[in-house]
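Per our numbering, the sequence shown runs over residues 97 to 201.
Please note that the accuracy of each hint is not assured.
Below are the SDA-like pairs computed for lysine to any residue, each with C-alpha atoms no more than 20 Å apart in a straight line [stated by the list, open to error]:
id, residue 1, residue 2
1, Lys-154, Val-176
2, Lys-154, Arg-138
3, Lys-170, Glu-140
If you anchor each label on the Cβ, the simulated ranges turn out as follows [claimed, not checked]:
id, residue 1, residue 2, range
4, Pro-102, Leu-168, 22 to 28 Å
5, Gly-114, Ala-177, 26 to 32 Å
6, Glu-105, Ala-177, 29 to 35 Å
For the record, the hints were derived by calculation from the structure and aren't laboratory data.
Predicted, not measured: the structure shown is a model, and the values here were computed from it.
We treat Cβ as the ideally placed atom computed from N, Cα and C, and that holds for glycine.
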Amino acid sequence: MVLTLPEVEQRQHGNHIGFRVRDQGFAYLCADDSTMLVKATREEQAALIEDDPRAYKKARTWGRIGWVQVRLRKAHEEEVADLITEAWRMTAPPQIVANAGLTVI
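Work out the full structure, taking the sequences as your base and the hints as a guide.
In structure tokens, the structure reads:
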């Protein structure tokens, strides 16, 4: 799903597979496919953790700036897809977002 977003590139980043748009990371998949780190706002992070703390928690390294660790087996697939799309929209240049037919954040 991540690679269907415009201009997304996949790169190895340590033990993670990084997803980037215009050389800016917005999501990282753990090598064992069990967890994913996703860029979010602090407000979205708080809401996700409050709603389902089994599936979401603050990312260890970047949690202070809103990143979320997603336990993929416990999270709802649609919610994860929405979170990834929002992370891409927050990261991609406005022209790319507009060309994709999405609202610029």
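Could you tell me which of the hints above the structure violates, numbers in ascending order? 5 and 6
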